[in-house]
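J.: Position chain P against the provided structure of chain A, taking the given hints into account.
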Amino acid sequence: MSTKTVEYLVRRTPELGVDGRPVQLPLISGDLEPELHGEHMLINIGPQHPATHGVLRLVLELDGETVIKCTPHIGYLHSSFEKLGEYRTWNQVIPLTDRMDYLAPLIYNCAYAMAVEKLMGIEVTERCKIVRVICMELDRIFSHLLWIGTTAIDIGAFTVFLYTFQERERIYSLHEAFTGARITTSSTRIGGMMADLPPGWVEALRHFVDTLPRTLDETETLLTHNNLWVGRNRDIGIISGEDALDWGLTGPNLRASGVTYDVRKDKPYYDYDSYDFEVPIGEHGDCYDRYLVRMEEMRQSLRILDQAIRRLPGGPINVDDPRIILPGKTDLMADMESMIHHFKVVMEGVKAPAGESWYGVESSKGELGMYVVSDGGSKPVRWRVRGPSFINLSALPMMVEGHLLSDVIAINASIDIVLGEIDR
Amino acid sequence: MAKPELKDAIAGLESGPETTPNGVATARGEAAAESHPTVAALRAQFGDAVLHHTVYSGDEHVVYIVPERSQELLSWLRHDPGQCFDLLKDVTAVDYGAGRPLELVYELWSVPRRVGLRVKVTLPLESLEADSVEPIWKTANWLEREVYDMFGIHFRGHPDLRRIMMPENYAEGHPLRKDFPLRGRFSRAEQTRRALSAPPEDNYTPDELAVALQEERPAVAGGEVADERSHAAASADLDPAAASPRPNTAADWSLGSSGSAAAGTQGATQ
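Chains A and P, in that order, give the protein sequences. Number 424 marks the last residue of the first sequence (my numbering); no jumps. Number 270 marks the last residue of the second sequence (my numbering); no jumps.
Source of the hints: derived by calculation from the structure; they are not laboratory data. Check the hints yourself; a few may be wrong.
To be verified - From the structure, some residues in chain A lie toward chain P, with a derived Cβ separation under 7 Å:
id	residue
1	Glu61
2	His78
3	Asp246
4	Arg264
5	Asp266
C-beta: ideal position from N, C-alpha, C; glycine also.
Looking at chain A on its own, in the form it has when it is part of the complex:
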């Protein structure tokens, strides 16, 4: 098989140094010309550029090829979701959430519903909890697979993209079977889910969980010890643990710098403390460690998925409270009270008690915070999203300064941003 040949050839290329890390060979040898200093030049990357992963515009001040200053300009996708949310009932906000991070839509659906449920004091059913854990871990893999594929393309390795997008296609199919949509899932409701898992879905998920590691192995074979990959990533975009905290980085970007902060472990929700999984930690805080951390995170997510499938209980998926949950369609068509019930819940919305809740969830890109404020009505007074990409991007100028122009692409790719959520 051709893949076998590739695997063999690639594995022979690298060598491991004394510290167990791949050796980075210099791409050119011999004496270099002394660097010349001249006038500074201004260069625009984006807003329409494939390597910016969306409509991000970076204005770089360059001295030759060295970045002196980087200024991100954002807002090209701004659609004021937070303002729109104030004009919608609690349940109507849900479709807005998955349009923020369309690379991990289910995490956003779940995080919002969890925040509102905490505000309302609703305890969801055991089955719903585990289904949501499955959703969130599946979309963590979903997002990381896209990240590794597009980052490899940015750096010049095309094959990985084909491998990972084939796997993403299978997750798309799982999304579609469960929610009816591939990206804009809108699957949660306050107090439960839009629908229960369809028949055969868990078996399909089980098949996916069993077969994904092979692709991860192949991807690691292609990249981890690949000389070019190591050369483009290692010691690039280093950020220390202290700096990373100071700049508010969370998620894989923070953990690659050696800080053990994962919301699933530090402030567990949905019984994450009862699952057996590890949180991978980097030590150098460079692009290469961020890559290693994300690859390991996918394997850990698979472990959580495996345990969640095993413990998935039967029973209802929605809470048993007619003030929140719509009646069944059959009841709705058959009797008048259910029709009135349906009408009241849909037209007036669910009322939340006055109060507020800031709910942090470990998204694929970092800590996602949903802040909901209610004054007792059926619409939020304020709905705020603490987007991890937004915060991660704010540290980009600090990380790229002093690097070469080509490294800007690598660093920008390594922090894993999604512009829909940055601009909101």
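T.: Just chain P now, with coordinates in the frame of chain A:
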């Protein structure tokens, strides 16, 4: 089939969902039962600067502090070895509408201690100013820019207080304020006209323009050593629309037709 308990449930729809016994989702009240150790320490350290302490949604502790000393208190929370709130998760603001004061919200987290705390500062609409916490946590840079952009709260001592989501020349005010209509203050025609007539310089920060214009300096007539400001003004002279100041004040909002926009206002204050 009509379920007997359903009628009662429909009758109770107005009152919102039932709260579980452990979820204390009530309206604001002084937290009496369980107090937060950090709040006790804050009170001991700063006394009257700590206004009151509330618990929301069961376990979310919120402490209100006076705006004048907010930077001092937050700096203490960050640097005191007993507190060590080293991660600033969020800075945002809440506008409750109807002329009520804005609340500025800081969401803090201590990674080593695994404790969170929400600190709030109440700002009356007449004086929307607060001290920047950018010197304490670098991440406040963009978060405060966003609050400034969306709510118009001015942060004293911020190194780069520009709009972040909206363009720098946006003249319709601050979108997340309750008195801001959903569709904006100007008519769609006016919005389009402004977008099309904006000079390209508006897409750059003053620093960037300085770099760019320095490059073009040889092209300026007579080898005159024009500084960036006058050069920018000279290039702006070519476009009369750009030369006129683009005010960003309430007085300018009357330009737009507010008919359709006002219909969408919720809790408007004007």
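J.: Which hints from the list above does the structure break, by number from lowest to highest?
T.: 4
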